Structure formats: C-alpha cells, structure tokens
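**Q** Could you build all of it, start to finish, from the sequences and the hints given here?
Chains as they are written, first to last, in my numbering: chain A, 863 to 945; chain B, 223 to 608; chain C, 72 to 364.
These are calculated hints, taken from the structure and not from any lab test.
Bear in mind the structure is a predicted one, so any value in this text is a computation, not a measurement.
Please note: incorrect hints may appear among the correct ones.
Derived Cβ-Cβ restraints for the label pairs, each shown as a range [what the hints assert, rightly or not]:
id	chain 1	residue 1	chain 2	residue 2	range
1	C	ASP295	B	PRO472	52 to 58 Å
2	B	ASP286	C	ASP295	38 to 44 Å
3	C	ASP350	B	ASP432	31 to 37 Å
4	B	ASN439	A	CYS915	47 to 53 Å
Don't be surprised by glycine CBs; every beta carbon is placed ideally from N, CA and C.
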Amino acid sequence: MAKGRVSVVVERCKACGFCVEFCPTHVLALSSAFNSKGYHPPHVIHPEKCSGCDLCGMYCPDFAIYGTKVPAEKSPEKAGGEK
Amino acid sequence: MKADPHGVLTGTHFMDGDHACCEGALAAGARFAAGYPITPSTEVVERFAARVPTVGGSFIQMEDELAASITLQGAVWGGAKAFTVTSGPGFSLMMEHIGYAAMTETPCVFVDVQRGGPSTGLPTLPAQADMMQARWGSHGDYEIIALCPNSPQECFDLTIKAFNFAEEFRVPVMFMMDEVVGHMTEKVVIPPADQIEVTPRKHTHKSIEDYLPYGTNGDLVPEMAHAGEGYKFHVTGLTHDERGYPNMTPQTQDKLVRRLQNKILSAVDRICLFEEDRLDDADVVVVSYGITSRVAQRAIDAGRARGLRVGKLRLITAWPFPDKKIVELAAHVKAFVVPELNLGQMVREVQRAAAGKAKTFAVSHAGGGVHNPDEILNAIVEASRC
Amino acid sequence: MLNVLDETVNPIEPFLRSDRMPHIWCPGCGIGTTVNSFVRALIESKVDLQSLALVSGIGCTGRVAGYMKLDSFHTTHGRAIPFATGLKLANPKLNVVVYSGDGDLSAIGGNHLIHAARRNIDLKVICVNNLIYAMTGGQTAPTTPGHATTSTNPYGTFEPAFNLPHLLDAAGAVYVARWTTFHVRQLSRSISEAFAKKGFSFIEIISPCPTLYQRRNKMGDGLDTMKYYKEKSKVKHGAPTGEVGLTLNGEIAVGKFVDRDRPDYQTMMRAQYVETLGDRYLGDEVETECVCG
Numbered sequence: 863m864a865k866g867r868v869s870v871v872v873e874r875c876k877a878c879g880f881c882v883e884f885c886p887t888h889v890l891a892l893s894s895a896f897n898s899k900g901y902h903p904p905h906v907i908h909p910e911k912c913s914g915c916d917l918c919g920m921y922c923p924d925f926a927i928y929g930t931k932v933p934a935e936k937s938p939e940k941a942g943g944e945k
Numbered sequence: 223m224k225a226d227p228h229g230v231l232t233g234t235h236f237m238d239g240d241h242a243c244c245e246g247a248l249a250a251g252a253r254f255a256a257g258y259p260i261t262p263s264t265e266v267v268e269r270f271a272a273r274v275p276t277v278g279g280s281f282i283q284m285e286d287e288l289a290a291s292i293t294l295q296g297a298v299w300g301g302a303k304a305f306t307v308t309s310g311p312g313f314s315l316m317m318e319h320i321g322y323a324a325m326t327e328t329p330c331v332f333v334d335v336q337r338g339g340p341s342t343g344l345p346t347l348p349a350q351a352d353m354m355q356a357r358w359g360s361h362g363d364y365e366i367i368a369l370c371p372n373s374p375q376e377c378f379d380l381t382i383k384a385f386n387f388a389e390e391f392r393v394p395v396m397f398m399m400d401e402v403v404g405h406m407t408e409k410v411v412i413p414p415a416d417q418i419e420v421t422p423r424k425h426t427h428k429s430i431e432d433y434l435p436y437g438t439n440g441d442l443v444p445e446m447a448h449a450g451e452g453y454k455f456h457v458t459g460l461t462h463d464e465r466g467y468p469n470m471t472p473q474t475q476d477k478l479v480r481r482l483q484n485k486i487l488s489a490v491d492r493i494c495l496f497e498e499d500r501l502d503d504a505d506v507v508v509v510s511y512g513i514t515s516r517v518a519q520r521a522i523d524a525g526r527a528r529g530l531r532v533g534k535l536r537l538i539t540a541w542p543f544p545d546k547k548i549v550e551l552a553a554h555v556k557a558f559v560v561p562e563l564n565l566g567q568m569v570r571e572v573q574r575a576a577a578g579k580a581k582t583f584a585v586s587h588a589g590g591g592v593h594n595p596d597e598i599l600n601a602i603v604e605a606s607r608c
Numbered sequence: 072m073l074n075v076l077d078e079t080v081n082p083i084e085p086f087l088r089s090d091r092m093p094h095i096w097c098p099g100c101g102i103g104t105t106v107n108s109f110v111r112a113l114i115e116s117k118v119d120l121q122s123l124a125l126v127s128g129i130g131c132t133g134r135v136a137g138y139m140k141l142d143s144f145h146t147t148h149g150r151a152i153p154f155a156t157g158l159k160l161a162n163p164k165l166n167v168v169v170y171s172g173d174g175d176l177s178a179i180g181g182n183h184l185i186h187a188a189r190r191n192i193d194l195k196v197i198c199v200n201n202l203i204y205a206m207t208g209g210q211t212a213p214t215t216p217g218h219a220t221t222s223t224n225p226y227g228t229f230e231p232a233f234n235l236p237h238l239l240d241a242a243g244a245v246y247v248a249r250w251t252t253f254h255v256r257q258l259s260r261s262i263s264e265a266f267a268k269k270g271f272s273f274i275e276i277i278s279p280c281p282t283l284y285q286r287r288n289k290m291g292d293g294l295d296t297m298k299y300y301k302e303k304s305k306v307k308h309g310a311p312t313g314e315v316g317l318t319l320n321g322e323i324a325v326g327k328f329v330d331r332d333r334p335d336y337q338t339m340m341r342a343q344y345v346e347t348l349g350d351r352y353l354g355d356e357v358e359t360e361c362v363c364g
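**A** Laid out in structure tokens, this is it:
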C-alpha cells in the first residue's frame with residue numbers, strides 16, 4: 863500500500879523533467895498527454911512506490927506537482943490525482 | 223490632526239533655512255530620513271541626525287543618493303513619514319526613485335537645496351536651475367508637487383505643507399530651496415504643536431479581504447497599508463492594476479497614468495499657492511520665487527515709487543504650474559517679468575500660459591549669486607514701455 | 072485554474088498568489104525551485120508571515136516578489152537592499168527578506184550589497200545566481216564565468232567573475248552559504264538558519280537559465296543542468312571563501328562558508344545612543360499615531 867500520493871496541476875506543468883528525474887523511487891514519467899500549452903505533464907507509473915516525500919514538489923519550478931502522505935488507515939483506490 | 227509635540231521645537235529661533243527645514247520636517251511628523259552629504263543641503267540631515275534620537279525615529283546616512291532616495295521609501299512603507307535632502311548632482315541621481323515614488327504613490331518629500339550647475343558647478347553658491355528637472359527629471363508621465371520657500375520661516379512652514387501635500391495626494395513633493403535661503407539666518411517662529419495642522423497618512427480601514435492597494439473609491443487617491451499589518455499587498459514599479467499586480471497593457475497604462483496625473487491636476491486650485499500684491503491695477507507683473515522674490519521685491523517697490531504700475535506674483539507652488547492665474551492676469555496686463563537664477567526655466571511656463579496675450583521678459587542669471595535689483599527694475603521699465 | 076479533485080493542497084499554495092499563476096519563468100528555470108525551498112524554510116522556522124516583508128529588484132528573480140502572498144515590494148534595479156533597509160529601520164519588528172538575482176545584487180546593486188553587509192543590517196538576502204542577465208536577453212553579468220558566451224560577449228567573456236561568497240565574507244556578512252537548485256533540502260535548511268540569526272545573511276543559489284546561459288553555452292536544458300550540479304557540486308562547509316570561485320566547467324563548492332556573530336546595525340545604533348544620550352534617547356520606533364492619527 864502506497865504511503866503517499868502525487869497530485870499534478872496539469873496546466874502549470876512545463877515538462878522540465880525535474881520531478882521524473884529526482885523522484886527517489888521513480889514513481890513518475892512524462893505522459894504522452896498534452897496540456898493546453900503543448901507540454902507533456904508527468905503521470906504516476908508506479909503508484910505503489912510513492913512515499914509521499916514531496917521531493918517532486920520541492921523540485922518543481924512551476925508549482926505543478928506535489929506529494930502528500932496518505933493517512934495510514936485509508937487505502938486509496940488510486941494514489942495519484944490529476945488537477 | 224495636530225502635530226506630535228515631541229517633534230515641535232516651539233519658540234522663537236534665529237536659524238538658517240536648512241535648519242528650519244529640518245524642524246519643519248520634525249514638526250510635520252517625519253521620523254525617518256536617509257541622506258547623503260552634499261553642499262549646501264547637508265545641514266538639514268546633520269540637524270535631523272542630532273534631533274531624531276531624542277524625538278523618536280532614526281536617520282541613516284546611506285552610501286549614495288541612489289540608496290538614500292529609495293531607503294526613505296522603504297521607511298514610508300514600513301510606517302514612517304520620511305524625506306531626503308540633496309542638491310543638484312544628488313537630485314540627478316535620485317530621479318529614478320522620484321519616478322518610483324510617483325508610480326507606487328509613495329508619500330514623501332525630496333528637498334533640493336539648489337546650487338550652481340550643471341554638473342559639479344558651484345557647490346556653495348545659489349541657482350534655481352533645477353526647476354524643470356523637478357518637474358520632468360524622471361522618465362515617463364507623472365505629476366509632482368514642488369514648493370519654493372523664500373525665507374527660513376517658510377523653510378519651516380512650507381516643509382510642513384510639503385509633507386501634508388505628500389500624504390494627501392500620495393505623491394513625492396519636491397521642496398525647491400536654494401543655497402541662499404538655505405544658508406541665510408533669520409527669525410523663525412515655531413508655534414506650539416496644537417497650532418500646527420498635520421495631514422495623517424491615508425491609511426485604509428478596510429478589511430484584509432476587501433482591501434485593494436490601488437483601488438480608489440471615486441476619489442483619485444488610493445488608501446495605503448503598511449508592511450506588517452497583514453494586508454499582504456504587492457507594490458511594483460511596473461504598470462499595475464488595482465490589485466497592485468503587474469498588468470502591462472495599453473488599457474491599464476492609460477487608466478493608471480491618467481489617474482496619477484488627474485489626482486494632482488484636479489486639485490490645482492488647492493495646491494497652487496502663491497502670494498500676490500498690487501495686481502489689480504498692474505501693467506507689469508513680476509513673477510518670481512525663492513530667493514529671487516526677495517530681490518524682486520526691492521525692484522517692485524522701486525518701480526512703484528517711480529509711478530510704474532507693477533505688481534507681484536510670487537510662486538510658492540511652482541508645480542503644478544498655476545496656469546489659471548497667469549491666464550487671468552494675461553488678459554489685463556501688458557507683460558510679465560520673470561527673474562530667475564537660471565537661463566530661463568519657469569519663464570517658459572509663464573510664456574506658455576500667457577499664450578501670447580501678454581509679453582514675457584526673462585531676467586536670466588546664470589547663478590552663483592543673486593540678481594542686482596536694478597537688473598529687475600530695468601526689465602520692469604522696459605516691460606512697461608511695450 | 073485548479074480543478075480540485077482530491078482534498079490535498081500543495082503546501083506551497085498558501086504562499087503563492089495563485090491568481091497570478093502560471094508564472095513567467097521558462098521551462099527548466101530554477102527560480103521556482105528556490106521558492107519551494109524558501110517556503111519550506113518559512114514553514115519549518117515558523118516565521119510569522121504577517122511580519123515578513125519580501126523585497127526584490129529587477130530581473131527574472133526579481134519577479135519572485137510579485138508571485139508570493141506576502142507584503143512584497145518589486146523595487147528598482149539594484150536597490151532592493153536600500154529599500155529593505157528603510158523598511159527594517161522604520162519597523163524593526165519586520166523580518167525583511169531580499170530576494171533578487173546576481174546581476175541586480177552584485178552589479179548595479181553592488182555598492183548597496185557591500186555596505187549593508189558592512190553595517191550588518193538585519194536582512195536575509197537570497198541571491199539566485201544564474202550567471203547571466205536573463206530577463207534582458209542573456210548579457211554578461213559580474214558572475215558570468217570566463218570564456219562563456221553571452222549576448223554582449225559574443226566571442227566569449229574574458230573578465231574574472233565575482234566570487235560572491237568571498238565578497239560577502241570580506242564585506243562582513245554574518246552568514247554566507249551557497250547551494251544549487253539541486254540541493255533543495257540543504258538550501259531550505261540554510262534559509263532556516265539565516266532566519267535564526269540576526270544580521271546580514273547571504274545565500275547564493277546557483278540556478279539554471281536554460282534559455283540563455285545554458286543554451287548559448289551548449290550546456291543542455293534545465294534537467295541537464297540539474298544533473299550537472301549534482302555531479303560537479305562538492306559540499307565544503309567552512310571552506311575559505313577565497314577558494315570557492317566558480318569557473319565555466321569546474322567544481323561548484325557548496326555549503327555554509329561563514330557563520331559568525333556580531334551585533335547587527337540596530338543593536339549597535341541603540342547601544343551607542345543609550346551610552347551617549349541616556350534617558351534622552353527615545354528609541355527608533357515610529358509611533359503609528361504620529362503618522363496615521
């Protein structure tokens with residue numbers, strides 16, 4: 863069960879790749895989807911590996927992604943949310 | 223509101239214009255100054271440095287005028303009434319920040335004790351050659367208010383007026399002294415604090431949610447907040463909207479810059495102060511300001527003694543220029559005589575406002591001394607004959 | 072705009088003027104990353120946000136003031152520090168941060184930088200150093216390393232660059248540190264340490280400018296630069312600041328270089344007045360009633 867979840871603010875993303883590169887557990891990859899500016903935002907490919915450390919959020923220069931810890935009792939259906 | 227007694231040196235004094243200006247600032251409620259030494263203005267801040275620790279507040283001598291001219295603005299946004307003092311070369315350095323004060327609507331006073339120029343010029347001798355610079359020195363379209371004292375007493379009284387205008391209109395006010403007025407010693411009467419009227423900061427009473435830093439309620443001057451009060455507002459020199467956010471479009475530019483202009487121009491009747499004497503039957507009007515007005519007085523009296531119908535219009539407010547008064551006079555006088563310690567600056571305004579309805583005679587002086595009254599009298603005589 | 076599908080909130084969001092997002096910084100620019108570290112430091116240090124004022128100058132980093140939901144001032148080029156000085160002197164209770172770029176702080180603002188450090192004015196200065204004048208199109212800055220290509224040195228620079236930690240150390244700053252945008256957590260910690268100190272603190276953050284510096288020097292994009300920082304950085308706490316200068320391709324010394332204590336400007340000012348004036352000294356606080364009625 864994932865300890866954390868990632869939320870992506872799709873419209874802010876400029877696909878710099880920092881979050882993908884620096885996630886310690888390689889949870890993310892750039893998707894093939896486009897936002898309205900034509901960038902490929904990241905998506906979660908290994909949700910079970912997310913620890914909620916928020917390094918993605920710390921690195922993101924566009925405030926377009928962040929990780930949060932999932933409260934222990936909850937078991938989320940999907941550990942990623944898109945905004 | 224009444225002046226804070228802490229800053230009012232009530233009594234009858236024998237002091238020079240620079241010192242009187244400092245006392246005027248303290249009486250007006252100034253509790254912060256940032257300065258840089260430059261003759262003939264330095265005494266203003268030297269006195270402030272000596273006085274302010276026992277009044278409450280602080281003074282800092284900055285590393286240059288570029289710093290001084292914006293440090294005082296930081297202090298204003300931190301909650302103080304603040305000013306700086308300089309002369310020609312420093313005034314030139316301060317121009318960018320005068321524009322910043324105009325754009326951000328930061329109430330403050332810039333004192334320029336004018337000396338001979340251009341460049342290093344005549345550091346210890348008078349001139350009145352920064353008058354156009356006071357109005358146009360910074361880039362872009364903006365309005366300022368400029369006042370010209372002609373005595374140490376006026377250096378006290380009008381400095382208070384300068385601060386009051388600054389607060390009322392949220393505008394930088396240029397206090398245009400000259401080296402003679404700054405360094406002449408005369409009687410200065412400082413009244414009790416409760417006889418001195420001081421304009422409070424136009425501070426907002428709105429809630430944090432409702433407050434717009436550059437929104438106006440129909441009047442043209444927005445309400446201010448200070449840093450540290452929870453308003454979390456933004457101030458920028460970029461063209462901005464009512465939220466204070468940069469908004470760089472022609473529409474926002476038009477709205478903002480015209481308001482900055484209109485807030486002053488719509489109040490010219492209140493802002494334009496002048497002294498007039500014997501204008502009703504005048505053929506010739508001598509228009510002067512600052513120390514030159516003291517010399518002109520002699521020439522005007524001499525002219526009257528000779529039977530010439532000469533009147534006096536002394537500009538106390540130089541900017542905005544009192545167009546209306548000149549227009550009114552131009553309708554019935556033959557000529558204006560404009561003596562200045564420069565090669566023709568305010569005379570251009572007189573000429574413009576007169577619009578050809580009356581002649582204009584400049585009595586220029588390159589600076590470094592004051593006119594001989596005869597020079598002005600000769601011009602009055604010549605003007606009377608036209 | 073945000074289309075909230077879950078109940079989580081970006082910890083950064085309350086500190087941003089969300090109505091102004093997205094910001095103007097380029098893809099791969101590191102300024103936003105520095106803001107994350109800054110906000111983390113604010114949260115962890117429990118800094119009172121109401122009494123925090125942010126002052127910036129002109130340039131890409133200068134735009135930080137406009138994006139943060141604080142009392143923020145976007146001032147003139149090079150003059151954030153004197154403006155911040157005025158704020159602090161008029162209201163000593165304010166916690167004043169200067170957030171600006173290398174060109175703004177060390178070129179046109181250089182004089183104010185060294186004097187404020189000399190005086191030990193209680194300011195926290197965050198200097199984002201992208202080694203270039205970015206906003207205006209990529210001109211040489213005093214920090215541009217030798218032989219880099221810029222728009223005003225199209226054949227390569229040949230001037231020695233400023234070693235900013237060395238400059239600030241010599242000028243008297245009480246806290247001097249350098250990190251890169253790769254070092255997000257260490258940077259945050261440094262900023263927290265600066266908040267805990269009284270006096271002039273200077274934190275330099277080496278940051279990518281992929282559009283201009285990196286592109287003109289064929290150094291890849293923002294991500295390539297972050298990997299470069301990771302590879303080339305060496306943590307050297309306490310290193311002699313004379314030895315931490317940057318070169319075009321060399322090692323990037325990071326860490327805390329200076330952490331010392333000396334009385335700040337206002338402490339010295341008050342002590343002097345109390346000593347010379349005794350009871351006659353009425354202090355430096357400005358009474359609100361005197362200004363606002």
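**Q** Of the hints stated earlier, which fail here?
**A** When the structure is compared with the hints, numbers 1, 3 turn out to be violated.
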